[in-house]
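Undergrad: The primary structure of each chain is shown beneath.
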Amino acid sequence: MTAGERSAAGGERAAGDGERPAADGVLAGLAGILARVTGRADLSVIAPETALFGDGVGLDSLTGTMLLVEVQHQFGVDVAAEDLNLDSLATLASLAAFISERLPS
Amino acid sequence: MIKCVVWDIDNTLLAGTYLESGEQPPEPDPELLGVLRELGRRGIVHALASKNPPEAADYVATVTGVPFAAAECGWGRKSDALRRIIDDLGLGADAVAFVDDDLMERAEVAAALPEVLVLLPEDAAEAPSWPEFQPAVLTAEGRRRGEMYAQRRRRQQEARAFGGSRDDFLRRAGTQVLIAPAGLGEVPRLHELSVRTHQFNTGGDPVGEDELAGLLGSARHRLVTARLRDRFGDDGIVGGVLIDRGEANDSGVPPGPGAARSWTVPLLMMSCRALGRGVLDALLAALCQRAAADGAAELRMPCLVTDRNLPLRLALAAAGFRAGAAPRPGEPALFARPLDGKLPGLPDWATVADWP
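Here the protein sequences come in this chain order: A and B. Position one of the first sequence corresponds to residue 1 (our numbering), numbered consecutively onward. Position one of the second sequence corresponds to residue 1001 (our numbering), numbered consecutively onward.
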């Protein structure tokens, strides 16, 4: 699947969530990305307060980079450029909030 | 400096067209075969980008006997194939050359990827004499690079088919990371890492062999290597760390355990082929644990903030490091981590040798 096809898939999912607040669509999209980049299907249904580093998702340099590249493709938000300390990667919810605030309208 | 050459197949590496040759595909071009081997000896890796079925890449690998680090076969744009190879190998576009006999292909790649060195097959035949193809330093690891990338392809194929977590795959692959103090014999490799690493390099400037050798005898400094192997192959030394244990006191001895001070890491570097194999996590955990055992209250790591070193900064964030303030352009940010409380755990595939 190319980056373009992935973006299209993300777009369809977001459209299906039309009645819910944007943050929920972002959360669902993020969980899907996490499951893909880590190869762990169980992550597609994790709680928003799950930590992304350490004992939670266990993101590392490789999976973290893949996550942020996918986030940029799907949501148009360059997290690495706007968050020096990557504090937005604390939990799934904090990353979703960071993205939602910056979604191109 | 070119680290990877991406080759077209039809009428470039092969003296003819793979699909139009009937029963017996064409032989390799003898002159370019010599170039493949010579560049391989210099630690430059090869890859294929061809508008052919994947069998063509297997055929070329067999008839040339040369390992290819990546092969992109298909009918899409060659610039997209090059982008995938560049991403896959963790290279910068300016470290890649592309050789193709077809004018349209060369023009398409040159327009889409202006940093890539685009060559005619005739140019490539002369390339070994050009400075861009002559690595400044070449070590045993450097010479074996082509073979190691081929091992990497096998590892990645198995990882894709595995389906479990990364950690489970690292264990299944028999991953072993050994972190140990450096000796004089490892200085050339550490120098080479300081020249070649960019994505995983907190400093940015090469460190000379004399300077590294001098640091080996310093009571204040420690020089550490990380070795990586698994059942697919032995990658040798893939990482290096320079540690500054802090100012000596009046008697010229670094303060012992209990004295309030910090460890600083002026340079941490890792080969990009170790990405995703648990080396960085192991190094950062070992550093935190050793610094705490040495009585340091804080571990400091100045690190340039660039687009390319995002994976490194992610590893720092994962290990609990934070930068105090946004750095001035061109200066490193000071990432730091307090050493009280819970330290990052050493992964079970890592071993830390005693170091004085």
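Hints in this document: simulated from the structure, not taken from any laboratory. Quick caveat, the model's predicted, so the values are computed rather than measured. For each residue, glycine too, the CB sits at the ideal point set by N, CA and C. Heads up, some of the hints might be wrong.
Taking CB as the label site, the calculated pair distances span [what the hints assert, rightly or not]:
| # | chain 1 | residue 1 | chain 2 | residue 2 | range |
| --- | --- | --- | --- | --- | --- |
| 1 | A | Ser-94 | B | Gln-1134 | 41 to 51 Å |
| 2 | A | Ala-51 | B | Ala-1015 | 51 to 61 Å |
| 3 | B | Leu-1120 | A | Ala-51 | 51 to 61 Å |
| 4 | B | Phe-1162 | A | His-73 | 19 to 29 Å |
| 5 | A | Ala-51 | B | Asp-1094 | 14 to 24 Å |
| 6 | B | Glu-1020 | A | Ala-51 | 50 to 60 Å |
| 7 | B | Met-1001 | A | Ala-51 | 49 to 59 Å |
| 8 | B | Ser-1129 | A | Asp-87 | 14 to 24 Å |
Undergrad: Going back to the hint list, which numbers does this structure go against?
TA: Violated hints: 5, 7 and 8; rest satisfied.
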